[in-house]
Amino acid sequence: MKKHISAKTKWLIVVAVLLAGLVTITAAVNRGRPGESLVQTALTPFRSAASAIVRQVERYYDYVFRYESLQAENEELKRKIIIMEENVRSADSLQRENERLHQLLGLMEEHEDWVPTDAYIISWVDSSWKSAFTIGKGTKSGIQVGMVAVTEYGQVVGQVTEAGPNWATVTTVLDSTLGISATVASTGYNGVVEGALATGSQGLLRMNYLPTDSVLRNNDQVLTTGSTVYPRGLIIGYITDADFDQTGVAKYALLKPAADLDNLEQVYIITDYENQ
Amino acid sequence: MFKYFHLTKMQWQGILKWSLYGLLTLLVLLLQTVVLAKLPIWGARLTPLPALIVCVCVREGPEKGGVYAILAALLWCLSGADFGNLSVAVIPVGAILSAVLCRAVLTLRFLPTALCAFGVSLLNACVIFAFKLILPPTVPLIVNPPTVALENLWRVLLPGEILSMVFMPIHYVLVKRIGRIGVRDAL
Chain P
12 MKKHISAKTK
22 WLIVVAVLLA
32 GLVTITAAVN
42 RGRPGESLVQ
52 TALTPFRSAA
62 SAIVRQVERY
72 YDYVFRYESL
82 QAENEELKRK
92 IIIMEENVRS
102 ADSLQRENER
112 LHQLLGLMEE
122 HEDWVPTDAY
132 IISWVDSSWK
142 SAFTIGKGTK
152 SGIQVGMVAV
162 TEYGQVVGQV
172 TEAGPNWATV
182 TTVLDSTLGI
192 SATVASTGYN
202 GVVEGALATG
212 SQGLLRMNYL
222 PTDSVLRNND
232 QVLTTGSTVY
242 PRGLIIGYIT
252 DADFDQTGVA
262 KYALLKPAAD
272 LDNLEQVYII
282 TDYENQ
Chain B
2 MFKYFHLTKM
12 QWQGILKWSL
22 YGLLTLLVLL
32 LQTVVLAKLP
42 IWGARLTPLP
52 ALIVCVCVRE
62 GPEKGGVYAI
72 LAALLWCLSG
82 ADFGNLSVAV
92 IPVGAILSAV
102 LCRAVLTLRF
112 LPTALCAFGV
122 SLLNACVIFA
132 FKLILPPTVP
142 LIVNPPTVAL
152 ENLWRVLLPG
162 EILSMVFMPI
172 HYVLVKRIGR
182 IGVRDAL
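Just so you know, the sequences run in chain order P and B.
In terms of this note's numbering, the first sequence has 282 at position 271, counting the first letter as 1, and numbering is strictly consecutive.
In terms of this note's numbering, the second sequence has 188 at position 187, counting the first letter as 1, and numbering is strictly consecutive.
Check each hint, because a few of them may be wrong.
Derived pair list, reagent style BS3-like, types lysine-lysine, alpha-carbon separation capped at 30 Å [stated by the list, open to error]:
1. 65(B) with 21(P)
2. 21(P) with 177(B)
3. 151(P) with 39(B)
4. 18(B) with 267(P)
Calculated directly from the structure, the hints in this document are not laboratory data.
With the hints as constraints, model all of the structure from the sequences given.
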């Protein structure tokens, strides 16, 4: 087979390897791949057009095929709201729990200091080991690296990790690279929430470094504690399971993300807020 | 002035052929990042692009196809692919070796091309997976034991790569059609 590999072919193999090395080194030095901004900027109109078509198709599909399931979901949500209202009325509700419901119902109204910028999702990262998406707005709209993406209900979606003139990459909370300082709303236990993609718990979050004596209940709400990156009181998720970690000196909890990341179309980037 | 830009019929056909390959690459990239990446199946996101690159490279030969493979892999990398810089080396090298292998030992028919495409796609995914294990971002290794890694390997990676091959017949037919442009005139 060796005779079938011409000198030009060998050169191409060398060029491919060298190019990969060059991209890796320059990406490490510049904290971004060279030319990525250019390619992403050029691809954004195509992605925007494609995602707009996909959205229309999805809406049509939902209208035709998912009307009954949406109606059932609506009934279920109504039932949940009634239960939640009963909880609010009950005397043993803690003040934190009350705040939690307030945030759930009108978070955006409460935080008048937030300056949100809406953006549509135009593409998703195609790796099974990373959870991120690209939005169709970037630095021209005031979006910068490090800003937080939320839903209209104040649920954390992720953080802007790259930004170009008309695009930005948002790494979601499911990704293992993000760490968010968080607190359990009903009890006040603090910990760090990380994506559990790398730990075999796909679609879930993991709240680490909880005290060993902490008492955690299913469906307890987990909120951001507030930092220079994340405003205080954003909803991260709900506890679904808890156990001791492998070291035995701390507990961890698995959370279901509050934001429905599978069905996101539009996100809000908080471009400015008062850090309290 | 236009006489300097005069192109023969074969050259025009060459431009048309490579433009169509480029358009097909762009469409598959959009399909991969806009539609398929949004719909993970059993946690795996389907990536039909590596298979297309191998398909074109096998069809066009290791030299012209190799240049295409490098450019297409670079486009994928710069479009924001996770660990795309590894793919810049793995996919073109795999595609070039596939083209050589198919021409020297196998044939240019569907099955050898599909097998090579699956091999290259799987190799690319495995290399990225291995680097993800070596370079864990923030989750400490202690919560990511080898058993979980192995489980991810057979539960997510392998089904994802097998399912990505669903697009192979479409790739093959389209690439074969595009590859025929200008062949009659050359004969």
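Hint check:
For the hint linking residue 65(B) to residue 21(P), the alpha-carbon distance of about 13 Å falls within 30 Å, and the restraint holds. The suggested pairing of residue 21(P) with residue 177(B) holds, with an alpha-carbon distance near 26 Å, which does not exceed 30 Å. Taking the CA atoms of residue 151(P) and residue 39(B), the gap is about 26 Å. The hint holds against a cut of 30 Å. A hinted pair counts as satisfied when its Cα atoms are at most 30 Å apart, and residue 18(B) with residue 267(P) does not qualify at roughly 49 Å.
The structure does not agree with numbered hint 4 stated previously, though it agrees with all others.
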